[in-house]
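Residue numbers for the sequence shown follow this note's numbering, beginning at 2 and rising by one.
Careful, some of the hints might be misleading.
Said to hold, decoys possible - Below, computed lysine to aspartate or glutamate pairings styled on DMTMM-like, alpha-carbon distance capped at 25 Å: (1) Lys108 x Asp82; (2) Lys69 x Glu46; (3) Lys101 x Asp82; (4) Lys101 x Asp74; (5) Lys69 x Glu104; (6) Lys53 x Asp74; (7) Lys109 x Glu129; (8) Lys39 x Asp74; (9) Lys138 x Asp82; (10) Lys109 x Asp74; (11) Lys108 x Asp74; (12) Lys101 x Glu46; (13) Lys94 x Glu129; (14) Lys94 x Glu104; (15) Lys39 x Asp58; (16) Lys53 x Asp82; (17) Lys138 x Glu57; (18) Lys101 x Glu90; (19) Lys94 x Asp74; (20) Lys39 x Asp50; (21) Lys94 x Asp82; (22) Lys138 x Glu46; (23) Lys138 x Asp74; (24) Lys69 x Asp50; (25) Lys59 x Glu90; (26) Lys53 x Glu104; (27) Lys69 x Glu90; (28) Lys53 x Glu129; (29) Lys39 x Glu57; (30) Lys53 x Glu90; (31) Lys39 x Glu90; (32) Lys108 x Glu90; (33) Lys39 x Asp82; (34) Lys59 x Glu46; (35) Lys94 x Glu46; (36) Lys69 x Glu129; (37) Lys101 x Glu57.
Hints in this document: simulated from the structure, not taken from any laboratory. The structure presented is a predicted model; accordingly, all values stated were derived computationally and were not measured.
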Amino acid sequence: MLHLPRMLPLMTIALLAAAPTGLSAQTAADPVNSRNLKSYLQSFEASPDLYKVIGEDKNFRVILATWKPGQSDAMHSHAGDLTNYTLTECQLKGVAPDGKGGELVRKKGTVGFNTASVHQVTNTGNNECVLLIIERK
Numbered sequence: 002m003l004h005l006p007r008m009l010p011l012m013t014i015a016l017l018a019a020a021p022t023g024l025s026a027q028t029a030a031d032p033v034n035s036r037n038l039k040s041y042l043q044s045f046e047a048s049p050d051l052y053k054v055i056g057e058d059k060n061f062r063v064i065l066a067t068w069k070p071g072q073s074d075a076m077h078s079h080a081g082d083l084t085n086y087t088l089t090e091c092q093l094k095g096v097a098p099d100g101k102g103g104e105l106v107r108k109k110g111t112v113g114f115n116t117a118s119v120h121q122v123t124n125t126g127n128n129e130c131v132l133l134i135i136e137r138k
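Please construct the entire structure, taking both the sequences and the accompanying hints into account.
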């Protein structure tokens, strides 16, 4: 059983300390991210059944994302750079609007970093996948 209320303050501090600052040069050069990012709904708007906002302030948003086996979210954006913490073992497939993508296997306790982006994610594994996402607004 996950005890998020006790874990969240420590995880938030650790993840925010390591979070990237600003958009990377690669993101700024990507036409999907720089021109069309705002034309996509954000994750919690596009798939509110999968992405739950559990806290936010003027700078950051904390989202709990949960995919059942075989479940996909809608194409969506993350308007700011983000960091995420894997709460369960996850096997995911991500696809960008141009159809490019790939598989990602994440072990429980893994920390990941992403720049602002647009994508769609499917849980290709046999178990529920849960991520804690902290993104810049």
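Each hint, compared with the structure:
no., hint, in the structure
1, Lys108 x Asp82, "holds, 21 Å"
2, Lys69 x Glu46, "holds, 18 Å"
3, Lys101 x Asp82, "holds, 20 Å"
4, Lys101 x Asp74, "holds, 16 Å"
5, Lys69 x Glu104, "holds, 16 Å"
6, Lys53 x Asp74, "holds, 13 Å"
7, Lys109 x Glu129, "holds, 12 Å"
8, Lys39 x Asp74, "holds, 18 Å"
9, Lys138 x Asp82, "holds, 8 Å"
10, Lys109 x Asp74, "holds, 21 Å"
11, Lys108 x Asp74, "holds, 21 Å"
12, Lys101 x Glu46, "holds, 23 Å"
13, Lys94 x Glu129, "holds, 14 Å"
14, Lys94 x Glu104, "holds, 4 Å"
15, Lys39 x Asp58, "holds, 20 Å"
16, Lys53 x Asp82, "holds, 18 Å"
17, Lys138 x Glu57, "holds, 9 Å"
18, Lys101 x Glu90, "holds, 24 Å"
19, Lys94 x Asp74, "holds, 11 Å"
20, Lys39 x Asp50, "holds, 21 Å"
21, Lys94 x Asp82, "holds, 20 Å"
22, Lys138 x Glu46, "holds, 14 Å"
23, Lys138 x Asp74, "holds, 20 Å"
24, Lys69 x Asp50, "holds, 11 Å"
25, Lys59 x Glu90, "violated, 31 Å"
26, Lys53 x Glu104, "holds, 23 Å"
27, Lys69 x Glu90, "holds, 12 Å"
28, Lys53 x Glu129, "holds, 15 Å"
29, Lys39 x Glu57, "holds, 19 Å"
30, Lys53 x Glu90, "holds, 19 Å"
31, Lys39 x Glu90, "violated, 31 Å"
32, Lys108 x Glu90, "holds, 5 Å"
33, Lys39 x Asp82, "holds, 14 Å"
34, Lys59 x Glu46, "holds, 18 Å"
35, Lys94 x Glu46, "holds, 20 Å"
36, Lys69 x Glu129, "holds, 5 Å"
37, Lys101 x Glu57, "violated, 31 Å"
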